[in-house]
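Produce the complete structure using the sequences and hints provided.
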Amino acid sequence: MSAWLIEFLQLVLETTRDFIPIFVVLIGFHLLIIRKPINNPQKIFTGFIFVLLGIAVFLEGLDMALFPIGKLMATQLTTPAFLGINPNDKTASWQTYRWIYLFAASLGFAVALAEPSLQAIANKAEQISGGTIRAWGLRIAVGFGLGTGLALGTFRIITGTELYLYIVAGFAIAALQTLFAPKSIIGIAFDSGTVTTTMITVPLVTSLGIGLAQAIPGRNPLLDGFGLLAFASLYPIIAVLSYAQIAQWLNKRSLSSKP
Amino acid sequence: MFKKRFINQLINSFFDLSPILAVVVIFQVLIIRQSIPDVGHFVVGIVFVLVGLSLFIQGLELSLFPLGESMAYAFARKGSLFWLLTFAFCLGFGAAIAEPALMNIALQASEVAVKKAVISPTLEAKNLYALGFRIIVAVSIGLAILVGVLRIIKGWPAYYPVFYAYVFIALITPFTPADILGIAYDSGCIATSTLTVPLVTALGVGLATAIKGRNPMTDGFGLLVFASLTPIISVMLYGIVL
Chain A
1 MSAWLIEFLQ LVLETTRDFI PIFVVLIGFH LLIIRKPINN PQKIFTGFIF VLLGIAVFLE
61 GLDMALFPIG KLMATQLTTP AFLGINPNDK TASWQTYRWI YLFAASLGFA VALAEPSLQA
121 IANKAEQISG GTIRAWGLRI AVGFGLGTGL ALGTFRIITG TELYLYIVAG FAIAALQTLF
181 APKSIIGIAF DSGTVTTTMI TVPLVTSLGI GLAQAIPGRN PLLDGFGLLA FASLYPIIAV
241 LSYAQIAQWL NKRSLSSKP
Chain B
260 MFKKRFINQL INSFFDLSPI LAVVVIFQVL IIRQSIPDVG HFVVGIVFVL VGLSLFIQGL
320 ELSLFPLGES MAYAFARKGS LFWLLTFAFC LGFGAAIAEP ALMNIALQAS EVAVKKAVIS
380 PTLEAKNLYA LGFRIIVAVS IGLAILVGVL RIIKGWPAYY PVFYAYVFIA LITPFTPADI
440 LGIAYDSGCI ATSTLTVPLV TALGVGLATA IKGRNPMTDG FGLLVFASLT PIISVMLYGI
500 VL
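Protein sequence lines, in the order shown, are assigned to chains A and B. In this text, residue positions in the first sequence follow the working numbering: the first is 1, and each later residue adds one. In this text, residue positions in the second sequence follow the working numbering: the first is 260, and each later residue adds one.
Worth double-checking, as some hints may not be accurate.
Below, computed lysine to aspartate or glutamate pairings styled on EDC-like, alpha-carbon distance capped at 16 Å [claimed, not checked]: (1) K36/A <-> E328/B; (2) K71/A <-> D297/B; (3) K375/B <-> E328/B; (4) K43/A <-> E320/B; (5) K374/B <-> E320/B; (6) K262/B <-> E328/B; (7) K43/A <-> E328/B; (8) K385/B <-> E370/B.
No wet-lab data here; the hints were simulated from the structure.
Structural data, given as structure tokens:
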């Protein structure tokens with residue numbers, strides 16, 4: 001127990017150390033340039049402590065529960081025994097791995113819903129848009145995007161096709177959508193891709209990619225294992241833009257159907 | 260009052276996490292058909308995740324969001340473009356330079372450099388290379404936030420810088436050595452560390468609210484995505500030049 005406690009305190013210290021530059025910038029600019037007393041310093045201080053402790057506890061929990069099980073499941077789903085193929089047979093077609101795509105898609109969806117940064121941003125968007133953008137709608141849209149992105153990404157690793165093609169195609173779609181989407185959603189749509197790839201998603205997605213590249217014959221974990229993150233940050237953009245377009249279209253239709 | 264809010268937050272976090280639990284349980288029971296090994300450890304870990312998530316969200320609402328926004332207002336009232344831009348740069352730089360994920364990627368990049376015989380395989384040379392790598396990424400993130408703030412002040416559309424960055428990335432990708440490409444794409448995600456996201460959003464939204472003629476929805480967002488693209492560009496250039 002005490003060894004564990006020491007380990008945990010170390011994690012808290014490490015988290016604190018990582019955030020020192022940011023604290024210095026914030027407090028330094030506040031005191032030296034703005035030169036106004038900080039409003040409600042006690043509240044802000046409590047908040048900082050909450051944030052630090054929260055991140056440390058959260059990371060500890062991820063290490064204990066979600067990462068080991070995520071890795072284990074990726075391996076279990078790719079063992080030749082589970083797939084019912086001969087381990088020396090390198091000609092297995094991409095359909096053999098159908099459970100992996102479903103797993104990647106559902107994992108992407110679930111992870112997006114749990115991502116704390118996305119939650120914070122979605123709440124913010126709902127607040128300032130006066131409720132026209134729903135936090136839940138936004139998060140579910142990002143979830144669909146991340147799920148699709150990861151399923152496509154695992155498909156790419158399994159088939160060994162070029163990463164470049166998927167990214168350029170994805171961006172071309174997003175660029176086209178930008179021309180037609182309502183202006184107010186564009187900024188948040190672009191940010192949501194970046195926001196999704198933080199605390200939970202980055203380590204989980206990276207380990208999924210490298211695990212897959214190791215398990216599938218003929219793939220190099222160093223070359224093929226990367227790139228899943230690029231999918232994870234691009235496809236939510238497309239999903240959020242689509243969500244906005246569909247919402248706008250439904251609104252218009254319900255308006256015009258009224259006499 | 261804190262206690263009640265925290266309990267509410269805890270319940271919300273449980274709902275947020277339940278899809279992950281559902282995916283794990285369904286796949287284990289129905290498809291893989293094996294029990295979860297070490298259930299006790301798993302349950303304790305989930306409780307940790309729940310408590311951590313609740314503390315984090317609660318802490319953000321108490322500290323970083325209000326602080327970031329009040330600073331954005333104060334800068335807008337002060338009217339000094341120089342200090343505002345300096346602040347934007349320092350915020351991006353400070354968030355990235357100590358980020359553990361960036362340190363990992365910098366070490367990976369130095370290994371690649373050793374393999375290509377760009378630098379000698381001594382520890383000193385590797386550390387120097389990794390430090391250079393980190394500074395370059397942090398500077399490019401700082402510059403991205405600076406450009407984003409300038410964009411809000413000038414009222415340019417949010418997607419302008421993003422489009423230019425994407426086109427530029429597409430243009431230089433063919434010239435980038437393959438072994439640095441994965442690292443370059445990965446380093447883009449570093450811009451969005453856990454603290455940068457709420458702070459930069461608060462800054463953008465606060466500025467767009469404080470400046471007349473800007474709309475927080477249209478102009479306030481879009482800073483983060485640009486900050487995730489500039490490191491990709493600078494790492495690719497670093498890989499091409501060195």
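Verification of the hints:
1. Restraint check: the Cα-Cα separation between K36/A and E328/B comes to about 14 Å, which is no more than 16 Å; the hinted pair holds.
2. About 14 Å separates the Cα atoms of K71/A and D297/B, which keeps this hinted pair within 16 Å; it holds.
3. A C-alpha spacing of about 46 Å is found between K375/B and E328/B, which places the hinted pair above 16 Å, so the restraint is violated.
4. Simply put, K43/A and E320/B have alpha-carbon atoms about 10 Å apart, close enough for the 16 Å limit, and the pair holds.
5. Using a Cα cut-off of 16 Å, the hinted pair K374/B and E320/B is violated, with the two alpha carbons roughly 46 Å apart.
6. Among the hinted pairs, K262/B with E328/B is inconsistent with the structure: their alpha-carbon atoms are about 25 Å apart, more than 16 Å.
7. At most 16 Å may separate the alpha-carbon atoms for a hinted pair to count; K43/A and E328/B meet this at roughly 15 Å.
8. Taking the CA atoms of K385/B and E370/B, the gap is near 8 Å; set against the 16 Å cutoff, the hint holds.
The structure fails to meet hints 3, 5 and 6 from the earlier list, while all remaining hints are met.
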